[in-house]
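Residue numbers (numbering that gives the first Met the number 0), protein chains in the order written: chain G, 0 to 311; chain P, 0 to 311; chain D, 0 to 311.
If you are wondering where the hints come from, they were derived from the structure by calculation, not from laboratory data.
Honestly, I wouldn't trust all of these hints.
Here are the simulated SDA-like pairs of lysine to any residue, each with C-alpha atoms no more than 25 Å apart in a straight line [unchecked claim]: (1) Lys163(G) to Leu310(G); (2) Lys307(D) to Pro27(G); (3) Lys120(P) to Thr292(G); (4) Lys307(G) to Gly40(D); (5) Lys256(D) to Thr292(G); (6) Lys154(G) to Asp293(P); (7) Lys120(D) to Ala288(P); (8) Lys307(G) to Thr93(G); (9) Lys307(P) to Ser153(P); (10) Lys200(D) to Gly91(G); (11) Lys307(G) to Asn102(P); (12) Lys307(P) to Val237(G); (13) Lys200(G) to Met99(P); (14) Lys90(P) to Arg59(G); (15) Lys120(D) to Arg103(P); (16) Lys256(G) to Val280(P); (17) Lys307(P) to Lys247(D); (18) Lys154(P) to Asp293(P); (19) Lys247(D) to Gly91(G); (20) Lys120(P) to Leu291(G); (21) Lys256(P) to Glu124(D); (22) Lys163(P) to Leu26(P); (23) Lys256(G) to Phe121(P); (24) Lys120(G) to Leu98(G).
Treat the numbers as computed from the prediction; the structure is a model and nothing was measured.
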Amino acid sequence: MSMQFDGWPHVIRVQQFSREWLETQFLPLTNEMQAIVDNRGCQILSGRKMICLFYQPSTRTRMSFEFAMRYLGGDVAFTTENAREFSSAKKGETFGDTLMVINRYRPDVIVIRYDQEFDPKFVTETSQAPVINAGDRGMGQHPTQALLDLRTISKRRGKIDGLKIAMVGDLDQGRTVRSLSYMLGKFCDVTIYFVSPSNAKMGQDVKDYLKKHDIFFEELVDLREVASVVDVVYQTRVQIECGTVIDKSQGYFTIDKTVLDLMREDAIIMHPLPRVDEISVEVDGDPRAVYLTDQIDSGLYARMALLKMILA
Amino acid sequence: MSMQFDGWPHVIRVQQFSREWLETQFLPLTNEMQAIVDNRGCQILSGRKMICLFYQPSTRTRMSFEFAMRYLGGDVAFTTENAREFSSAKKGETFGDTLMVINRYRPDVIVIRYDQEFDPKFVTETSQAPVINAGDRGMGQHPTQALLDLRTISKRRGKIDGLKIAMVGDLDQGRTVRSLSYMLGKFCDVTIYFVSPSNAKMGQDVKDYLKKHDIFFEELVDLREVASVVDVVYQTRVQIECGTVIDKSQGYFTIDKTVLDLMREDAIIMHPLPRVDEISVEVDGDPRAVYLTDQIDSGLYARMALLKMILA
Amino acid sequence: MSMQFDGWPHVIRVQQFSREWLETQFLPLTNEMQAIVDNRGCQILSGRKMICLFYQPSTRTRMSFEFAMRYLGGDVAFTTENAREFSSAKKGETFGDTLMVINRYRPDVIVIRYDQEFDPKFVTETSQAPVINAGDRGMGQHPTQALLDLRTISKRRGKIDGLKIAMVGDLDQGRTVRSLSYMLGKFCDVTIYFVSPSNAKMGQDVKDYLKKHDIFFEELVDLREVASVVDVVYQTRVQIECGTVIDKSQGYFTIDKTVLDLMREDAIIMHPLPRVDEISVEVDGDPRAVYLTDQIDSGLYARMALLKMILA
């Protein structure tokens, strides 16, 4: 029972977490972390050093990791948000050289947002320091997002087994919905509705994985069809920087008052943020909306829990 | 008697400071802060967390705030100088979402340089953590600059009442002279000379405010006309990035040896920096020049004083 | 016997270090620093404040300095990697104004990567805080790189006197080989082979210096000619950002299996990094390759040693 990746405590893919580890170790520890934040932090990681190396900017994710480290008393020894533009990478250095050099400074953990797909075998062979994937590209994932999403759902709904979840929007490019799908594959009787236009459908690799794990899923184009039955609506942002365009005439992909009125009282509305206009601001004040509240909090607690497990 | 903004300890506009607060609380506290820096810092803000969110780069202002926090023993928990380009803002996120998310990490204070105009009501409604305006745009201000300018003048001239001040250059775009004008409106018998070409005159809102507060002002185009009578010459940089062009043939807007020779021995020369060529380098060594010395120091002490009042 | 520059403890040029200081103070202190890192750091610079001001990005050098400061318990009080683009410099501020302003915050040391050539006299006159040159342009140098290179060679070869060193590649633009040449000029019986195409030959100033200090050097175009006799091959990256193009048909400038097979068993292969393709990856695993290991470590220890000498 562990979260180890190929013998090393790297955090690279959602697949590496066992259901037992998630339920008996990770989720309880997030509650301990919440208590630490309520007490304004602790010093259990005093003297431990984190490097944040972001090849793509992500103020939000970086801030969450850095606050997580600080609430545990650790140091953010080095951080850069534009590693691709500003670093040796621009001069042609390979990722392997960068990772080897960084390891010589003996950091305790390296958090990497990568603009390509991680090769887990390569990371394991190259980095002595534990690496946490803060989002990678290609067929990539965002495992700490999946952990925070799991924690958010678990806290609000009490369980994962048997839940019905609609994932909406740009499912093709969204690493968060990809990661969450892999996460849900570890549970039982889960039903997933993929609501997206035809040019942004969920990838075949995820669908194959779900089939293999007996997770029922259905693809549709109108959120209103399932809004009244789901426990969770997980909305995503259109990745315009990836060239995706959502053709709204193809279906109904926005969470607005119409969808809100259809939804059950005990359902929740999630979004990995940043949000543009795929959730109307009129939804923000609804008690079912957790994207500006519980999800952010769970992100902090989830990353603190990982750091404590890896470093303490 | 307070500096509170609408019930919250935000620092948004110069108008929110009362003369009594400035004289009995703020200015004395800046002297205490100077003593702390002389003693190489203290720990009264130990464990307190600052976020610096700059939508426009300003190495100088950010450095002043960060050193202020560190001299008090606090943590700069997160800092970014290009929030507009590098953050979720580029992906279309609203300022409100950003502010709400940041608040979930429970920072003790958020310092924001904003590339639009702050809506104080919106900030008050959205942010539980105190926000300090490190400069906003539009009809915006730079309240901590006004505080440091006030402290600089007060230390060197002993009082504000009755002083004569020339503000020179790009008065239209300069938030520092706008903020200082609002500040001077709280005092008595102050005379302001606005020295600028016709395309860069002080805004009507400031002039209306000064009239309302019985501050005499005059607009002219030749600094030499008033150089011999003023206690303070406050020079400003041409905001070329805002498209302003100063037509030097329209008047006399540069501080050089000619102006220096006209000025009184007890007058002072101020500039918010960065300086380009609107003050000749031959002026730098003159004891009346305070822009590379007293003003920087006062900026550190003023920001320390604010942080102590808000956080300690 | 000192490393002082013109009465101030600035670190600007390799020429300022005496052989005696290097051998009796600097090198022994780097070993002490290694022991501190092995013990996970110390607190001897607790409360001391470093500013990192990089006018050109260099993630690697900045990380080395920042970790050096942290392993000694000091604070990186302010850091920016794009001072030219993001700071007041873009608005036309002079370097002198910037340096004067920064000094007002009373940092204990200022680390500067500069995109022009340092004027040591100007730095000495302007900055009360010690300045460490983290690389400057023009006829500039990279003195801490030369110190780490010296330490690397000294540890692996036991001495400098009598060594034969090939410097390969873009010798014209490379400040590391320039700085190392000045460093070697302090020792006896050293032989340098400059291996470069005709458009990237070592500058005349360095060659004049070497002649003056009786260092034998030879210029050639085929690394294979000297590979079997040298103690050190120091490879450099082509500075494509400076417009340099290496015409490989002119000679043999790459370190690959062919060169490796020619080299002595006790020789070492160095590179200041980042490496592109001028050293084949097949060389990386060879015990003679020190560019991804010993050189990085020595960089950390060398910078720690400097910081301790300047600040403790």
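Right, here's what the structure says about each hint:
1. Of the pairs offered as hints, the one joining Lys163(G) and Leu310(G) is violated, with about 36 Å between alpha carbons and a cut-off of 25 Å exceeded.
2. Restraint check for Lys307(D) and Pro27(G): the C-alpha separation of about 44 Å exceeds 25 Å, so the hint is violated.
3. For the suggested pair Lys120(P) and Thr292(G), the alpha carbons sit about 21 Å apart, so the restraint of at most 25 Å is met.
4. Simply put, Lys307(G) and Gly40(D) have alpha-carbon atoms about 20 Å apart, close enough for the 25 Å limit, and the pair holds.
5. A hinted pair counts as satisfied when its Cα atoms are at most 25 Å apart, and Lys256(D) with Thr292(G) does not qualify at roughly 58 Å.
6. Distance hint between Lys154(G) and Asp293(P) is unfulfilled; the C-alpha atoms sit about 54 Å from each other, more than 25 Å.
7. Restraint check for Lys120(D) and Ala288(P): the C-alpha separation of about 23 Å stays at or below 25 Å, so the hint holds.
8. In summary, the hint linking Lys307(G) to Thr93(G) is not supported, as the alpha carbons are separated by about 30 Å, beyond the 25 Å threshold.
9. Restraint check for Lys307(P) and Ser153(P): the C-alpha separation of about 21 Å stays at or below 25 Å, so the hint holds.
10. Distance hint between Lys200(D) and Gly91(G) is fulfilled; the C-alpha atoms sit about 23 Å from each other, no more than 25 Å.
11. Annotation: proposed proximity of Lys307(G) to Asn102(P) holds, straight-line Cα distance about 23 Å (limit 25 Å).
12. Between the alpha carbons of Lys307(P) and Val237(G) the distance comes to roughly 43 Å, so the proposed pair goes past 25 Å and is violated.
13. For the given pair, Lys200(G) sits about 31 Å from Met99(P) by alpha-carbon distance, which is inconsistent with the 25 Å threshold.
14. Distance restraint check for Lys90(P) and Arg59(G): the Cα-Cα separation of roughly 12 Å lies within the 25 Å cut-off, and the hinted pair is therefore satisfied.
15. Pair hint Lys120(D) plus Arg103(P) does not hold up; C-alpha atoms about 50 Å apart against a cutoff of 25 Å.
16. Distance restraint check for Lys256(G) and Val280(P): the Cα-Cα separation of roughly 63 Å exceeds the 25 Å cut-off, and the hinted pair is therefore not satisfied.
17. Between Lys307(P) and Lys247(D) the alpha-carbon distance is near 63 Å, which puts this suggested pair outside the 25 Å criterion.
18. At roughly 9 Å between alpha-carbon atoms, Lys154(P) and Asp293(P) fall within 25 Å of each other, so this suggested pair holds.
19. Proposed proximity of Lys247(D) and Gly91(G) is supported: the alpha carbons are some 18 Å apart, at most 25 Å.
20. With a C-alpha separation of about 20 Å, the suggested pair Lys120(P) and Leu291(G) falls inside the 25 Å cut-off, and the hint holds.
21. A C-alpha spacing of about 23 Å is found between Lys256(P) and Glu124(D), which places the hinted pair at or below 25 Å, so the restraint holds.
22. Only pairs whose Cα atoms come within 25 Å are accepted, and Lys163(P) paired with Leu26(P) is accepted, the gap being roughly 20 Å.
23. With a CA separation close to 23 Å, the supplied pair Lys256(G) and Phe121(P) stays within the 25 Å bound.
24. At roughly 13 Å between alpha-carbon atoms, Lys120(G) and Leu98(G) fall within 25 Å of each other, so this suggested pair holds.
Of the numbered hints listed earlier, those contradicted by the structure are 1, 2, 5, 6, 8, 12, 13, 15, 16 and 17.
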